[in-house]
Structures are given as structure tokens and as C-alpha cells.
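> Each chain is listed here by its residues.
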Amino acid sequence: MRFRMGLLLDIRKNKLLYVMLLPVLLYYVVFHYVPMYGAVIAFKDFTPRLGIWGSDWVGFEHFREFFTGPYFWRTIKNTVLISFYQLLFGFPAPIILALLLNELKHAVFKRTMQTVTYMPHFISLIVICGILKDFTSSEGVINDVIAFFGGERLTFLLEPSLFRTVYVSSGIWQNIGWGTIIFLAALTGIDQEQYEAATIDGAGRWKQMMHVTLPGLMPTIIILLILEIGRMMNVGFEKIILLYNPGTYETADVISSYVYRVGLQDFNYSFSSAVGLFNSVINFALLISSNWLSRKFNDTSLW
Amino acid sequence: MLNKASFAERGFDYFNTVLMVLLMVLTVYPLIYVVFASVSDAGSLMGHKGILWRPIGFSLDAYTNVFRNPMILKGYGNTLFVVLIGLMLNIMLTSFGAYALSRKSLQYRKPLMLFIIFTMFFSGGLIPLYLTVKGAGLIDSLWALIIPQAINTFNLILMKTAFEAIPDALEESAKIDGANDFVILFKIVLPLSMPVIAVMLLYYGVSHWNSWFQAMIFLQERSLYPLQLVLREILLQGEATANSGASDGDAAMLAATLKYATIIVATVPILCVYPFLQKYFVKGALIGAIKG
Chain A
1 MRFRMGLLLD IRKNKLLYVM LLPVLLYYVV FHYVPMYGAV IAFKDFTPRL GIWGSDWVGF
61 EHFREFFTGP YFWRTIKNTV LISFYQLLFG FPAPIILALL LNELKHAVFK RTMQTVTYMP
121 HFISLIVICG ILKDFTSSEG VINDVIAFFG GERLTFLLEP SLFRTVYVSS GIWQNIGWGT
181 IIFLAALTGI DQEQYEAATI DGAGRWKQMM HVTLPGLMPT IIILLILEIG RMMNVGFEKI
241 ILLYNPGTYE TADVISSYVY RVGLQDFNYS FSSAVGLFNS VINFALLISS NWLSRKFNDT
301 SLW
Chain B
1 MLNKASFAER GFDYFNTVLM VLLMVLTVYP LIYVVFASVS DAGSLMGHKG ILWRPIGFSL
61 DAYTNVFRNP MILKGYGNTL FVVLIGLMLN IMLTSFGAYA LSRKSLQYRK PLMLFIIFTM
121 FFSGGLIPLY LTVKGAGLID SLWALIIPQA INTFNLILMK TAFEAIPDAL EESAKIDGAN
181 DFVILFKIVL PLSMPVIAVM LLYYGVSHWN SWFQAMIFLQ ERSLYPLQLV LREILLQGEA
241 TANSGASDGD AAMLAATLKY ATIIVATVPI LCVYPFLQKY FVKGALIGAI KG
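Residue numbers (this note's numbering), protein chains in the order written: chain A, 1 to 303; chain B, 1 to 292.
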């Protein structure tokens, strides 16, 4: 009640601000909160004719079906493994690049390097996956090079055992440059006196990098690592569904791509929503805990 | 001792430079390859194996064909419509939200912000969103690519942070002169925020230009397809020959170069823009990395 009175007072005092906020809040209600409400179809047998409200309740039936179904462990395993490899190889890549860029003395060269490595960030996923498919096809450039050196031609995207490698390594190509931005900024925050002191102590550049630069980056690294772990179960489906095919589902199909396929290709709305809701809840829990952790290490957090 | 160290360091500098050049080549070469292939002679290209050091023969047929392909032209038009109208809506709503939520006089800005930020942590999922857009009657309309993307929360936070950095004194003196919030936003805050608006135009613009998934699930009518969806058919589903209108043998050959020419036509506009905005988006990405 007091909240409502206060709100009315606030609206009267800031009438025009609320006029501006009205379409903004309307957008969030319609395209974010209505779908959250719509997620109740996970507990129903949705039929378009009866609508969200009119469809019959089935409780946790769809969840049980997913947990006991054949694809539960497969999608969980693939999601975790792809995230894990991304963390293992993709996470350190921009840190190393930032350290190396920092050692470049030629300012123009350094700037050019940055501009060039930011480029993949702006190229559409369709184009990236299209080029990837073209280059890795059996008659593609990569296979031509492999064949030139006497190796055997491989159709990369048809090999289940290679899907994660292709996915993660192309991901590094896409993100290595963009990822350096935050580390390069953190580098400018390191106290120059520390370098001077290290030089006086006779530390060469290698020692300075290990004992001054890297420790200076540590807070940033830890926070980003924690937040990255918080996104562990959140592998987006866009790149997956552009690259996978039924032959590689066993290693490529993650939770989100499964949600897409069951929902929008097989039109199993309720079951797909249940799987999606399960994923959302896990993501939420992971994000909240990682956010909490990052606040413990440092006061950087969303809240 | 000193000499040895500087020798090792010089060695490191060379090694580092070589490594950087290698990385640059690795980043740029795929696109260079595409450029070379797109201006190559289709027949000779098919016979070629391995890395391209230069175009094989020279022909601009692929580009002539790109601009003769009705689907690609239509796709270009649809994408331009979505980008232009989308950007107007994006900038308007994001600056409204960012302005209101950056005013200290707004007592409820904390809970309102929480209401908005919560959507970054939790989503209803794909199907409920699809049903909502369907329920809003947006299926088979280009508005389905515009309205559900009207605000990006991350961009809203970015703009709000920028607005908060503007000194209050400016706003207060304008208020004394009788200016209302709309006047302050349009006459004072926005003109002072050109860098962040540039970042917004780039971020929103790129995301509209590159978006394809929404189009794939919300549009069935092929004449509404944006460029990326046409590109997907050509690159990933191998349908380049469908509309080229040439005879079968020629068509198959042309398809090979058409593919590359389409990539260039669809990618170059953005690659021409982003380097000029580097100074601004680096700052934007920074705030984003911390907050998002």
C-alpha cells in the first residue's frame, strides 16, 4: 500500500519521466514478462485451440519425460563439454593476445592489429558458418592443404568427433580480438611505478610481465572467469544449429538447440518449454551465484 | 649480462612481431580468399586446388549475377528497412529509458531498474516468446524483426551510464529556464552524447544487419526474407542455382562464385563502418564487459 502511494506520488512528480518510461516498460512487459508467464505451458498440454490458459495441467509430466528420456544426458554432456573447452582454450586466448599486444612498441602496428582482430566480431554468423562449411568441405581449402601434405581428406562437419573442435576453434577466431578490449583497459590501470621499481630491481621484460603485468590483470581475469563459469549451461543455439546435422547430433546437440528442434521443428511446444524452463532455472541459479562470488572478490557485479 | 638480456629481449620482439603478423593473416585470409574467389573466373576456380594467392582468371560475372538475383535484391531491401526503422525505434526507446532511469529525481529508479535487469538473468524461453510474438499478430511481418528487438538491456545500461556522467548543473540551469524533460533530453543530453549514440547505432545496426534467427522462425513468406536468410539458403543450404536463371551446367559453375560474391556484398557495408567507430565502441565494450 505504501509502495503504491509512493509510486503515485513519484509519477505525479516526474510525470514526463514516466511518459518516457511507459513504452519502455510496456516493451519489457510484453516481450519479456509475458513470455515468462507463458512458460507455464511447461506444466500443461498446450493446444493452440485452447490457448495458454485453457490447456490442461499435467504438472511435472514433461520434466519427467525429459529427465528420463534418451536426450537428457546427451544434451547436458554436450553443453558442459562445449562450455568446458571454450573455457579451457577460448578464455586464455584473449589474455595472451592482450599481453603480447602490450609488448608491441610500434603504436600504429598495435592499433592495426587491434582493428583487424576486432573484425570477426562484426561478421554475421551466417557468413562465418558459410565460410567454415566451404573451407572444411571435402573439396575445400583446408582439405586441399591436408591432401597436399599427404594427409587424408576429412569432411569436418560430418565427423561427430570433430564438431567441438571446429566449434571452439572457430569461436576463438571470432572472439580473440574483441575479448582483449577489457584486458587492454585493465593494463592501462597498472601503476607505472611498479614497472620502474621492477626495472631498478633488474627485472627484464619477461619477469616484469610475470610479476607485474599478470598480477595486475588478475582481478579482471578472476571476475571474468567466474562470470564465464556462470554461463556454463548457457550455450547459444544459433551457431550450433547452423553447423550441426543429424549425423553430428551425438556431440553437437546442446540443451538450447534441442529446445529449438523439439519446439519449432517438431511443434512439441509444451515439452520444449519444459526443457527450456529447466535450462533457464539452472542458468539463473548459476548466474546469481557467480554474480555473488564476483562481488565477494571485488565490488564488480550487476547488482 | 645486460647484453644477453637485451639479446633475448630483441629475440622476443621479433618472435612477437612474427606471431602477430601470423595472427593477422589468419584473421584476414578467409575474407581475402572470398574476395579472390568472387572475382575469379568460375570455370577456372572449379579446377583450382588449394590456397588462393590471387584471383584465378578475372570475371565480375558473379557480381552481375548477385545484382540480378531478385531474392538478394529483395533481401537487401528488407534488411535496409529493418535496419533503418529498427534503429529509429531503438534509439528512441533506449534513450527514453536511459534518460528517465538516470534522473536522480526519479524515486523508483532502483526497483524499475531491477525490473529491467531481471530479464537479463531469466527468460521465459524460446517457445513462450514465439507464442507471444505470434499472439501479437507479428508473424509474417517485418515488424517481428523490429518490435521484439526494440530495446537491448545491455545497451540501455550503457546509455544510462553515459547519461549519468553528464554534469547535473546543465540540466538544472535548463530547468530554471523552464525546460521540461523532453526538451532537456533532446536539446541538452542527446547532443552531448554523440559518442554513445554512435556506439548504439553501431551495436543495434550490426545486430539488425546480422540477425537471421528471428526471421527464420517468424517469417514464412519468402519475399520478406532479409539478406542474411537469403544468404543462409545460398551458403548453407546450397540453393544458389535456384534463381540464377542460367542453364544447368553454367548455373552450377556460377553458383560457386556467386556464393563468394554474395558474402562480400553482404559483409562489406559493416566492415567499412566499424574501424571509424573503434575509439567509441572500445569504451562501450568496456562498460559492457563489467556490467554484462
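No lab work stands behind these hints: they were computed from the structure.
It cannot be assumed that every hint is accurate.
Below are the EDC-like pairs computed for lysine to aspartate or glutamate, each with C-alpha atoms no more than 20 Å apart in a straight line [claimed, not checked]:
| id | chain 1 | residue 1 | chain 2 | residue 2 |
| --- | --- | --- | --- | --- |
| 1 | A | K15 | B | E171 |
| 2 | A | K110 | B | D13 |
| 3 | A | K105 | B | E171 |
| 4 | B | K49 | A | E250 |
| 5 | A | K239 | B | E172 |
| 6 | A | K110 | B | E9 |
| 7 | A | K207 | B | E171 |
| 8 | B | K110 | A | D45 |
| 9 | B | K134 | A | E139 |
| 10 | A | K13 | B | D177 |
| 11 | A | K13 | B | E172 |
| 12 | A | K105 | B | E172 |
| 13 | A | K77 | A | D201 |
> Run through the hints listed earlier and report the numbers of any the structure violates, in increasing order.
3, 4, 5, 7, 8, 9, 12 and 13
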